[in-house]
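Q: Residue numbers (our numbering), protein chains in the order written: chain A, 1 to 345; chain B, 346 to 690; chain C, 691 to 1035; chain D, 1036 to 1380.
Some clues are possibly wrong.
Listed below are the simulated EDC-like cross-link pairs for lysine to aspartate or glutamate, each with C-alpha atoms no more than 20 Å apart in a straight line [unchecked claim]:
#, chain 1, residue 1, chain 2, residue 2
1, D, LYS1149, C, GLU993
2, A, LYS140, A, GLU128
3, A, LYS207, B, GLU430
4, A, LYS207, B, GLU651
Since the hints were derived computationally from the structure, they do not count as laboratory data. Quantities reported herein were computed from a predicted structural model and do not represent experimental measurements.
What follows is each chain in one-letter form.
Protein chains: 4
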Amino acid sequence: MARIGILGATGYTGVELSLLLEKHPEAEIVFISSEASAGQELSSVFPRLAGCDKIRGKSLQNAASCQSVSVDVVFSCLPHGASAEACLPFVDGGARVIDLSADFRLADPALYPKWYGKPHPRPERLQEAVYCIPELDRAKVRGAKLIANPGCYPTSVLLPLVPLAKAGAVGAGPVIADSKSGVSGAGRKPSLGTAYCETNESISAYKIGRTHQHLGEMTQQLARATTGGLPLIFSPHLVPMERGILTVAYVPPAPGFDAAKVRQILSDAYANEPFVKVLSKAEGLPATGHVAHTNRCHIAVAEMPENDMVLVVSVIDNLVKGASGQAVQNWNASNGWAETLGFGA
Amino acid sequence: MARIGILGATGYTGVELSLLLEKHPEAEIVFISSEASAGQELSSVFPRLAGCDKIRGKSLQNAASCQSVSVDVVFSCLPHGASAEACLPFVDGGARVIDLSADFRLADPALYPKWYGKPHPRPERLQEAVYCIPELDRAKVRGAKLIANPGCYPTSVLLPLVPLAKAGAVGAGPVIADSKSGVSGAGRKPSLGTAYCETNESISAYKIGRTHQHLGEMTQQLARATTGGLPLIFSPHLVPMERGILTVAYVPPAPGFDAAKVRQILSDAYANEPFVKVLSKAEGLPATGHVAHTNRCHIAVAEMPENDMVLVVSVIDNLVKGASGQAVQNWNASNGWAETLGFGA
Amino acid sequence: MARIGILGATGYTGVELSLLLEKHPEAEIVFISSEASAGQELSSVFPRLAGCDKIRGKSLQNAASCQSVSVDVVFSCLPHGASAEACLPFVDGGARVIDLSADFRLADPALYPKWYGKPHPRPERLQEAVYCIPELDRAKVRGAKLIANPGCYPTSVLLPLVPLAKAGAVGAGPVIADSKSGVSGAGRKPSLGTAYCETNESISAYKIGRTHQHLGEMTQQLARATTGGLPLIFSPHLVPMERGILTVAYVPPAPGFDAAKVRQILSDAYANEPFVKVLSKAEGLPATGHVAHTNRCHIAVAEMPENDMVLVVSVIDNLVKGASGQAVQNWNASNGWAETLGFGA
Amino acid sequence: MARIGILGATGYTGVELSLLLEKHPEAEIVFISSEASAGQELSSVFPRLAGCDKIRGKSLQNAASCQSVSVDVVFSCLPHGASAEACLPFVDGGARVIDLSADFRLADPALYPKWYGKPHPRPERLQEAVYCIPELDRAKVRGAKLIANPGCYPTSVLLPLVPLAKAGAVGAGPVIADSKSGVSGAGRKPSLGTAYCETNESISAYKIGRTHQHLGEMTQQLARATTGGLPLIFSPHLVPMERGILTVAYVPPAPGFDAAKVRQILSDAYANEPFVKVLSKAEGLPATGHVAHTNRCHIAVAEMPENDMVLVVSVIDNLVKGASGQAVQNWNASNGWAETLGFGA
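Isolated chain A (complex conformation) (with noise of 0.2 Å):
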């Protein structure tokens, strides 16, 4: 049993993770972090947990208190900015260290500033981070000691993009991601923004073309796919719904791809991996619904005579594969584990 902490368990990611730590099999957890709630039990904030043995009985604490704990693994979902400093003394400490925030996922220590509008607390550890989607890195990610888990957004863009842009199947001009999230990606913090008056029976574009801050991580990994990168434009959308992406990709196809081969590709690349499904022609398109409380992703290619462009459409739970799932996934494939340890359907 492996003696886990938990740091920032109070928003939606926090919860989710207690989940599916609850059913892990090697998981022990030993600490849990909350600044607002300390003092109380995590269920007592979640009733939702209320059945959840491995918290049960243990007190929610500041992260400063929770420093001198001996621990195997930390989990953090705090928030980007407060993460960085909490996590290292525990990466110091010989414990390994999986970062939900954004913190360690950027490599260039110029790129967070960009996109976060701050300076890096700790622009000199960032080296020390993999970033890892399993299915497209996980022999970098086995013995790693910091593990910068991928952001939701970006999950849901780079399993479908990477096994393209690496099989150089992307022709010239800019690559689209029209990408539509629900609510709980916003974030656990009250705002106007996502109180239910607001985003109910409403849909909304937000921070569209090159300004969202995820689009850093992106540009980043379809880089290193690729010689030259690729030209990424980026639409996030706000669904009236709790959990879930639905990302619909507009790739222009290189001289001798079209969206067979562009499905084989990606069958080809997935064929093996337990969470991702590559749908076949007869099976249609997915949505979000199907793949919500899993750690899956559903992906989809459509077809089109012309083959001016090909269309791929991916969905992801925003909260399991593209943040907690993919987290305890990562975990797993840091011990090499089963990927799959403690993850039911």
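Position chains B, C and D relative to chain A; hints supplied.
A: Then chains B, C and D, alone, in the frame of chain A:
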């Protein structure tokens, strides 16, 4: 006062139309038809209409029995296929007919079977119809006897694209319209695909690429606005909300055009339009909730310094500007009345 | 035309009021106040109002700077506590004031601190106010200078109960009102309790029994309608929808009364009311969607042969009949105008 | 490992059951039936199940062709009427049958036609069935061959009421259960009443008083728990959410009982129950979201000093504790296994 008949009043567009005509100072309703609910009052089918004085006491009739009623105007909310046959006798009898179905939208008789899967029942009459979004074509609708009211998706796509096409602002390469619609767009006939538990908490893509039946009228209208047409790609989505369409159009700019110029073209085109608002850069991006229950369209253009694509966002209420509101606006325009007549805010 | 000021226009009732006054033929809006958004136009805070001509070009002002504006009528949508102080100078200046807050609803100065947790700021002025649901008390509101507009829950409870109480149809034992409300009833101030992810896909009970602040005005009005009052129990719930209240009232029948007689009492009481409909047995039970966006109340009485209880169901839109619509209706009634003036269907 | 068959797997309870059995260490699935989708895989009907290993590769069969398959246990998710006929051959063949339909819940053959509108197909077999909410009747279910799994509403009503009835805490007068349910309770067959646009943004009451078919099993079980039974009134509502039931029970207290004593009775009754939690006064009131996707029931008792009524609130997930979860719990109990076997948090 104009004597008005409504064919197919018990669908969602029929109900919305009844609400609009209730407020219209020139509208007197003389018949309302429904095959399924003949004999009942419309407000017993839709208690929401209990306060509508103009339909009170009028039983729903089947369409056949309405044919002999003397009317000045007929609005048809019947499904495509059925609508043409029911409308033409009224045209022949001298009434003005505004058909909300797709039956008279495609001028080329060969296109109807392509998009609707069966021959047009009266292809020889297609040339009589005037397809009209008033902001784009109001001169043509003045005095027209048979008006083809545009589809919901096409309205959300053509309002931003047509002025750009006419101005030569659209460069080479595919134009993409990624559209997201509320569930009422699928009609009121019960089906698994529109059941609450199948659509709630999930977004799905469907008929993406060049397969949705609305592509026909969009490409027809874009061809009329350009020389050579535009290679439009259209991606509809089903969003868990009742009403609203948000479209992001990805437009490759012609040389010399960028977001600022595109915004200016649209601002100029709609400067005097009461129902269309082009947002300034400072006003940000729209949401469907901003136009719900109105006949308005809000349009925004996103900034992107690289200028390898121009992103234009539009929102409408699919049941109002995308259907019944535009039908009333077309009726106003056909009479030379103020197009806002009968509309509140 | 009456010169109208709106205090606190940027909450949900303020927005609904603006939409209603836009349609009202006697309403001219001369000021709209908001502390938080002073200097902006209301339609920039609520793009939904972009088509409202009456507020166009009028910047939001803070309440203090509105005190010197000459107006005929003031509607206050301010929160309780703040509203009384802001309203009274207008009363003293000769304007008619319609207060949508709770500040003037309770005649007994001792009750305000009990239900609202602090002393009333101006208890000596309580006797001037007229509490009025027009269908129940319209004679009192004619010419009134200070009108206390009823709360949303009380409107849904008193419309079915007061005629029964007056008719002596209510027997011994507690009367229960089990009410279910949409989220807009909780106001627009961001809070965790009204965040999308906390309220969606969940129904909760809160302040049930005799603890909700609206119980004060309900028992006051029931005491005025009876000798001895009624021992009301009130159970509010939060439902994942924007608007609407459905109340089931459980009424122990007095000897000689049953469901049929209760329905007859209500049918007689509201026979000539344009906004209240008592459903026949054949018409079944109501849903809040039947009255959404209207000023209507639909009431049904369920059959139960054992007659050990009579069940009365009422539905309203909490933002219209439960707040701003009733305020406009009260304004109409205070002037002796048709109460439907300015309302569509 | 037990060999399991599922009859009627393509409804919402069938899907939930498949998810639960996937996690259960003793469950092997040998057949899954569906008349409508025979020949397909269940995960092609419900892509949400794509990660379920236990059903992979097993085509749906029609029920008739499953009759000859050797199984240890059959769970029937068929509709009432059809279920009894399909279940009995398995009982006769020696398998344990857990029927989630209503077919074996009512012991008195005269009651079935009263509540279900047609004669019971096999009334002579009713006496064999054991109706069991494990927390209330687990001794009876041990070794049972034919288990009648309780309905969703009855589970939410009986868990709070039965211990009070047994303790003599219920005084004279009607007991009211005002229940609010998500839409999945109405099943998966498309109908106008469960269409998205008809149920979204609206709450409705239906079959209130003593007309809902679930009243039969509630009064049967309350009669078994008391001498003389309880005069229950039951008011179901349809709430715009997928899953969850919240019931407020209004209980007239017997002399000497009050809210505190009632809470103590319930706390004592469920002190050792893993799936039932009685909230302390400090813990407040429950929401259905607190138990969504769990087999749990949370119960709270509201304080009311006047003590003229005791208010008890319960919440369950209608598809889990109200159907498939309780079915698995009953299976566990019938084998003498820990009832939590196979359940996560």
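Q: If a hint holds in the structure, say so; if it doesn't, say that too.
A: Status of each hint after checking the structure:
no.	hint	in the structure
1	D:LYS1149 <-> C:GLU993	holds, 17 Å
2	A:LYS140 <-> A:GLU128	holds, 12 Å
3	A:LYS207 <-> B:GLU430	violated, 47 Å
4	A:LYS207 <-> B:GLU651	holds, 15 Å
The structure is inconsistent with hint 3 alone, although it conforms to all the rest.
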